[in-house]
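**Student:** Given next are the chains, with one letter for each unit.
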Amino acid sequence: MSGNTAMADQSINRKSFTDAFSSPDFYEIDDLLTEEHKLIRNSIRDFVKKEITPNIEQWCQDAHFPEEIVKKFGDIGAFGPTIPQEYGGGGLDYISYGLIMQEIERGDSGMRSTASVQGSLVMYPIYKFGSEEQKKKYLPKLASGEFLGCFGLTEPDHGSNPGGMVTNFRDAGDHFLLNGAKMWISNSPKADIAVVWAKNEAGRIHGLIVERGMEGFTTPETHNKWSLRASCTGELVFDNVKVPKENLLPGKNGLGAPLMCLDSARYGIAWGATGAAMDCYDSARRYALERVQFGKPIASFQLMQKKLSEMLTEITKAQLLNWKLGKMMDEGKATTAQISLAKRNNVDMALKISREARQMHGGMGITGEFPIMRHMMNLESVITYEGTHDIHLLILGHDITGIAAFS
Amino acid sequence: MKILVCITHVPDTTSKISFTENNTKFDISGVQFIIGPYDDYALARAVELKETHSASVTVLNVGGAETEPTIRKALAIGADEAIRINAEPTDSFFVAKQIADVAKDGGYDLILMGRESIDFNGGQVHGMVGELLDLPSVSPVMQLDIEGNTAKISREIEGGKESLEIGLPFVAGCQEPIAEWKIPNMRGIMSARTKPLNVIEPSDNEKKTALESFELPAEKNAVKMVDPDNVSELVDLLKNEAKVI
Ligand SMILES: Cc1cc2nc3c(=O)[nH]c(=O)nc-3n(C[C@H](O)[C@H](O)[C@H](O)COP(=O)(O)OP(=O)(O)OC[C@H]3O[C@@H](n4cnc5c(N)ncnc54)[C@H](O)[C@@H]3O)c2cc1C
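Chains as they are written, first to last, in numbering that gives the first Met the number 0: chain A, 0 to 406; chain B, 0 to 244.
Simulated from the structure, these hints should not be mistaken for lab results. Glycine included, C-beta positions come from ideal geometry on N, C-alpha and C.
Distance windows between CB atoms, simulated:
hint, chain 1, residue 1, chain 2, residue 2, range
1, B, Asp228, A, Asp29, 51 to 57 Å
2, A, Leu288, B, Leu236, 27 to 33 Å
3, B, Pro176, A, Glu67, 19 to 25 Å
4, B, Leu237, A, Thr33, 55 to 61 Å
5, A, Glu379, B, Pro176, 39 to 45 Å
6, A, Leu302, B, Thr13, 25 to 31 Å
7, A, Gly361, B, Ser153, 47 to 53 Å
8, A, Glu85, B, Glu87, 41 to 47 Å
Pairs of lysine to any residue, SDA-like flavour, derived with a Cα cap of 25 Å:
hint, chain 1, residue 1, chain 2, residue 2
9, B, Lys181, A, Glu145
10, A, Lys71, B, Ser190
11, B, Lys194, A, Asp74
Next comes chain B alone, as it looks inside the complex (with noise of 0.2 Å):
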């Protein structure tokens, strides 16, 4: 078997966010870089199955050549080998015709990645690749089994959870449960030394976005503490000040 797990470089979610040039790039300065956390389940399930039904796990991220240390880490959690497509990911159509491209001669059982990324939130990447590679898609999977040629898959729907059989291969936006985060071992590290890490250029340019610029959410107001005893105060407070009675 042999399954695609496709990652992202992002922000640590505790980084701070700030934006330079007229507030369109984000401002990478002090910023700690991690494997997407969703895609970090994806490839630890992969890893688990590398086990069980002895798959070989490729890992894929568009992304420059500072994203290097974040692919090296997925080799360390068990990936056998890496590609890296050289181009900024600044389009989700984009990224998922880069993803296509590669895995449309690759032979893939399954393509993995996280439901969505946590830099931008598209949430849109599996669906596209699935559509560009005419496989289904299913997202978000919380718990993903292979029996021969099929999967079974447990998926988070509107108040409830719903459980699938689905023929190889397919493409699927993870989350959790469906594995723990691995922490990759000393053993893991050394060997991901040598494991092929292929730099590939992108197969096209097209992209269906444009950045205009990104703006951070308002500041929270800061919170008024009124004495248990003082409703009448509460009272004028939300009356007077808040306008909200």
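Only chain A is shown next, with the shape it has when bound in the complex (with noise of 0.2 Å):
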């Protein structure tokens, strides 16, 4: 030991890594992670402070989806963490998984939808419902980014109502032949497969892999979003498209099968939209303690402390329930009713605490100089896609009644 008492070195810059992001903890839930969960968390932190944080702003506004992320994620490994090793995926538990989708979407929810639906919507179908040679064939291609998938369910006219869908595939000998368009599908312009959810002779639906390049198969671009503009979104037209046999998922038909998937990522995206609360929370406190008005900091008038307190409040109850549904994803036994009460209320969550904080950071609020104004917009869709807002209340109230207010 040399005479030096320093201990923190002056010299040595790690800002881009760890800066002084205060994740708010309040109720010490870091001691519910295992030492693991706290490396992928911040191993997943630094992954988005070093690739995502300091382009996103300029790719939102280009509304450019940066193709060269998906080969990124693919080998930080954020593609489908929970499928097993041997199909290339992490073979992580879903406390681990809400974690990656928690700071992917701190950086920004187009990114985390991206990934989610990569991983729970992509991977986690031909894993749960492919055939073995369908594992082999898409799933550590998935995980890699060598390709990238979509996932294609809700059509022009049935949003809410999946079980409505036209979009229909026939018996034609030694192929399928499918016919019809989905709408508003994450990352269908640069899709290499798509997984899409259709109607055979029966009416009863059945998934199915579609790859780019067969005959009759489009996926046209949907321009002018205000909101995850950094994701691409599109469509999916079908004009008459052979579709191989094989290429038909064996394991499951029917809603359910597509609900499964849905499930899943919801439960991603209850863990990810906390993630974007987190960073509005942390953009308004420091803003609130920098700011100067009436000659003191905004952040020493009472109703800047109550926007601050409610928004802390409410990030740790939305924190725990993540961490106990993500404990029952993990027993088997989470339902449905109990992700849509996550997915709907962590949400609605986030989207209250990023008005608030643009409005607390003033003008400055509306710029690109701070992420609160690019959350806000992106967590319209976030409120908007994978469940409305309104049908995870109507699940909860059929769960809740046995009586179903949709059907």
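Join the two chains, each given in its own frame, into one complex according to the hints.
**Tutor:** Written out as structure tokens, the structure reads:
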């Protein structure tokens, strides 16, 4: 030991890796995590700080989907973390998956959408309902980011009511003939494969793997979104597409199959939205302490303190909800209604926090200097996709009363 | 090729520093610990060499059980196995002696570590390890390439840069830009679960220094803003308050 007692080195700057971001953990929820969970969380946090945060404002301003992020997500292991390692996945538990989504969405909801569609809506159905050949053929390439996938359920006339879909396929001897169109499909313009839900001659819903390049299959992009601008969204159009019979997912059919995928994705969204809320809170807290009006930091005004206190309260509740739901996911006993509650609560909480945080930043809050307005606009999609805010209310209402208010 | 990377377990650079027990103990409450940033560069280069030269990488840390998450991270980044010498790393000589005792029979071609730790900033361990093992030691190494049994190195010197060739084995204290820090990926974190982490007891307990107390640097005085039009006020303050002119 030298005589130098300086405990923190001034010459080395890790700012780009771990800046002063105070991920609020008011109830010491970290105590509920293993060391491995914390390493996963911190590694994804470092990844987001390095690969996403420095560029995301520009990508969003330019409505640019950074294709190179797909490979990077594959390398870090953000695609299909819960899929077994033999298929290229991470083999991790659901708390780990949640933490990964939280950290990515702390960066941007669009980036998280790219990752959750790939993991929960493309890899998950192939893993759960696919044949061994399908798993071997697609999962490792999706995990590594060599392939980008998308999930086609929503149609122009069937959003909240996917069971009414009209996209259909019929047996044409040695192949199926697929017709119809899907809308609002994340990743579609750049996707290599699509997991498409369509009805057979008997009106039964099945999943099919459609590959880019199949004749009659196009993916026009949806332009001029004010939300999720760094994620690409588009249509899937099928005009007599010949789909090989071995591309049908054999494991499960009926509306329950796509809904199972949505459960997994919605679980990730509950964590992701919490990440966006944490980022808004952190930015608002810092800004309030730095910004001086009437001769003192705006954080000294009671109205500002009320906003920050309520934000921290709601974030803490959401964190506990996520953790317990994650445990139930790991035990395989989380129900659709339990997942709906968390998705609905946390996204709504995040959207409200982003709106309050935006106001706390005053005029600066509308600029790209701060992440707030971007989070706020992103969350307008998040509260709509994967079941709208109100549809989740009805799922809960059904669970409580046994009576479906929608069918 | 066998590489030994010695890592420290140190407070994150953004940590608030305070002391307890009459300023003789560093207060770790609320402090996040990381791999020493310079050690992290050394580790990153070792993992690169692992890929290009099919090397095996062992990480070593002198520390208590609380350092194991830091060691696991090094395994997740790509080290193959780890050794923890179960002792408080409070004295440079003591730490160097522990490392040398492990390394002397290990057959390592390269012993890498940071140019200094960022807690005590001693910057002495690599030199002492070299001396104890009778090996050359160089620091701070900013570039390291291996060709056969020789390493090409560039090193920072006062006002410039020095390029060296040096035969293996040797000891190096590393700094940027020797490699970019690596972020562990999920596959690495999973495989770190099963990589061996061997705990051994210190070989002796000889320390050359004893700690008396810590002291924080004096707080900086508040800044006084003077209007650019008011030069006479500035001169007055410099003369009568700061007493520098
Ligand atoms: C950016 C973005 C990305 C998307 N990505 C995908 C994707 O990758 N794959 C995919 O398949 N889909 C995707 N979607 C589609 C999304 O899931 C749908 O937008 C969503 O399900 C709502 O459907 P809709 O837009 O047709 O709205 P509608 O269903 O028409 O709903 C309009 C309003 O009516 C309400 N409503 C509807 N029915 C009821 C009822 N019974 N009772 C009370 N209120 C009701 C809704 O809550 C909503 O407020 C995406 C959407 C967006 C915006």
